[in-house]
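Peer 1: Given chain A, put chain B in place with the hints provided.
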Amino acid sequence: MSDGPQVHSDDKFEQAGAPKSTQPASSEEAPNPEPLFGPAGEEVQRITPRERRRINRRELLKLVPVVALGAFAIPKLRERLLMNGQELSDWASGKLFGRHRLAQTFSDRDVVPFERFPYNYYHVLDPEVDLDHWTLKVEGLVRRPGEYRLQQIRALPKLVQNTRHVCVEGWDVIGNFGGTRASDFLHFIGADLTARYLEVECADNYYESIDMETVLHPQTLLCYEMYGKPLDRGHGAPLRLQMPTKIGYKQAKYLNTMRVTNVLQGGMRGYWEDQGYSWYGGL
Amino acid sequence: MATRVSAIDNQSTDARITLAYEHPWVVRVAHWLNAVAVLVLIGSGLRIFIAFPSFGPKIPQRDFFHVPRELTLGGWLAGALQWHFTFMWIFVASGLMYVIYQLVTGHWRQVLFLPRDIAGVWPMARHYFFFGKKPAVETAYNPLQKLAYTATILLGVLAFLSGLVLYKPAQFWWLAWPMGGFHFARIWHFIAMCGFVAFIPGHLIMVLLHGWNNFYSMITGWKRDPEYLE
Numbered sequence: 001m002s003d004g005p006q007v008h009s010d011d012k013f014e015q016a017g018a019p020k021s022t023q024p025a026s027s028e029e030a031p032n033p034e035p036l037f038g039p040a041g042e043e044v045q046r047i048t049p050r051e052r053r054r055i056n057r058r059e060l061l062k063l064v065p066v067v068a069l070g071a072f073a074i075p076k077l078r079e080r081l082l083m084n085g086q087e088l089s090d091w092a093s094g095k096l097f098g099r100h101r102l103a104q105t106f107s108d109r110d111v112v113p114f115e116r117f118p119y120n121y122y123h124v125l126d127p128e129v130d131l132d133h134w135t136l137k138v139e140g141l142v143r144r145p146g147e148y149r150l151q152q153i154r155a156l157p158k159l160v161q162n163t164r165h166v167c168v169e170g171w172d173v174i175g176n177f178g179g180t181r182a183s184d185f186l187h188f189i190g191a192d193l194t195a196r197y198l199e200v201e202c203a204d205n206y207y208e209s210i211d212m213e214t215v216l217h218p219q220t221l222l223c224y225e226m227y228g229k230p231l232d233r234g235h236g237a238p239l240r241l242q243m244p245t246k247i248g249y250k251q252a253k254y255l256n257t258m259r260v261t262n263v264l265q266g267g268m269r270g271y272w273e274d275q276g277y278s279w280y281g282g283l
Numbered sequence: 284m285a286t287r288v289s290a291i292d293n294q295s296t297d298a299r300i301t302l303a304y305e306h307p308w309v310v311r312v313a314h315w316l317n318a319v320a321v322l323v324l325i326g327s328g329l330r331i332f333i334a335f336p337s338f339g340p341k342i343p344q345r346d347f348f349h350v351p352r353e354l355t356l357g358g359w360l361a362g363a364l365q366w367h368f369t370f371m372w373i374f375v376a377s378g379l380m381y382v383i384y385q386l387v388t389g390h391w392r393q394v395l396f397l398p399r400d401i402a403g404v405w406p407m408a409r410h411y412f413f414f415g416k417k418p419a420v421e422t423a424y425n426p427l428q429k430l431a432y433t434a435t436i437l438l439g440v441l442a443f444l445s446g447l448v449l450y451k452p453a454q455f456w457w458l459a460w461p462m463g464g465f466h467f468a469r470i471w472h473f474i475a476m477c478g479f480v481a482f483i484p485g486h487l488i489m490v491l492l493h494g495w496n497n498f499y500s501m502i503t504g505w506k507r508d509p510e511y512l513e
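One line per chain: the protein sequences are A and B, in this order. Here the first sequence stands for residues 1 to 283, numbered as in the numbering used here. Here the second sequence stands for residues 284 to 513, numbered as in the numbering used here.
Bound-form chain A, shown alone:
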């Protein structure tokens, strides 16, 4: 920027060495005639130690935003602040989400072999669902609550997709999933589509809640098939959620209850979410 003539060759600096007490009058008239500048354009001042302390105090005050970070060192505040930070991220994630913006789908070549699709569970891999007598209990803000059989769900239009399943731990797999669009099923049961949430409960006591926007996304499945075969027990037979726009722990397995609601009960937002994981969990 300014590698040019150096201000420090200026007389004002040379004068500085001279004892000022010999010329009290002149120094009072023109203490600081004009701001000086260093080689890189930085403002230069010649001041007394006392003025320097005053300036330093003022400059230190400007660092308040940095000092505010110290709040994270106080355990009580830290917990609150970190939850707020995560909620801000969840809020921004919701804003990024578009119901008509699709997650990437993949060719069959990219799908990982079934044997290499991990079984993930928190408690038991097989909660021993009685598949022959299984029904999905539907309740909440719906016109036709009750018990629904798998055949009724399978009778709705079927969607098969190769999508990426992303685990919060950091691994991911591209799998093949088949099922009914959740939005089709919500229409079928006469759900209030202006409601805010869908809650699900599972045979292994897992539970989840999903924002309605995501439930109505065209790639959100009530999934009953993987790799062209009925869901096996480890992957959540007979019915699970499969949402390529959500992180793995939102994809509840072994569904047995579904509730449409406007209110999430505290401590019932989701098994992992209630322990501190992001509720929105959007990808």
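Please keep in mind that the hints were generated in silico from the structure rather than gathered at the bench. Keep in mind that the hints are not guaranteed to be accurate.
As the list claims (entries may be wrong) - Result set (SDA-like, lysine to any residue): computed pairs, CA atoms no more than 25 Å apart in a straight line:
1. 451/B / 360/B
2. 62/A / 498/B
3. 341/B / 233/A
4. 62/A / 301/B
5. 95/A / 80/A
6. 341/B / 120/A
7. 62/A / 388/B
8. 62/A / 373/B
9. 341/B / 62/A
Please read these numbers as outputs of a predicted model, since none were measured by experiment.
Peer 2: Just chain B now, with coordinates in the frame of chain A:
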């Protein structure tokens, strides 16, 4: 900024101090916010990495390396994610604050590393690390500084973009493409972290070498008796 008028105080002393305003408050605030954010993001990022310390598939899982928990922040995965999802905002905001300020004031010209700076890097590095003669520097920042500071900006951009792909792969899948795909985003994110880890000790050594007065100018903005005004 208004001209500062310093009243002369004959009683106190006739010794006057020369001060140069090296670091405007925007730069200082951005620097310290960013410094804290980078440390938090590295610590919590390493804890997140422990949950799956690999760049390969889940089955079969081959761990890349073991991270000692003592170096990490957050306690467990959810805690580390909370730190990460909070301080990523502070990291990006302070980074943007700095870059925008540099652009608006034109100060970027002092610090941006350009091809013409390449020749000066080695003499400067030789001076610092191998006790070579100090090259004459006519500019506000020497070529090695420009290289280091420009590199941190690029690292920040890389960390931000690769982080965006990791966080929102369904929304930003197209951004994964130039990185070589979703799996490479995790590698790029890790590389950016390594870059910061490499920068920090070098930066701290330089700060130590240049003493308290130099360090203090990043706190108050004013540097006392700057060497270029001797």
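Peer 1: So which hints don't hold here, by number, going up?
Peer 2: 9
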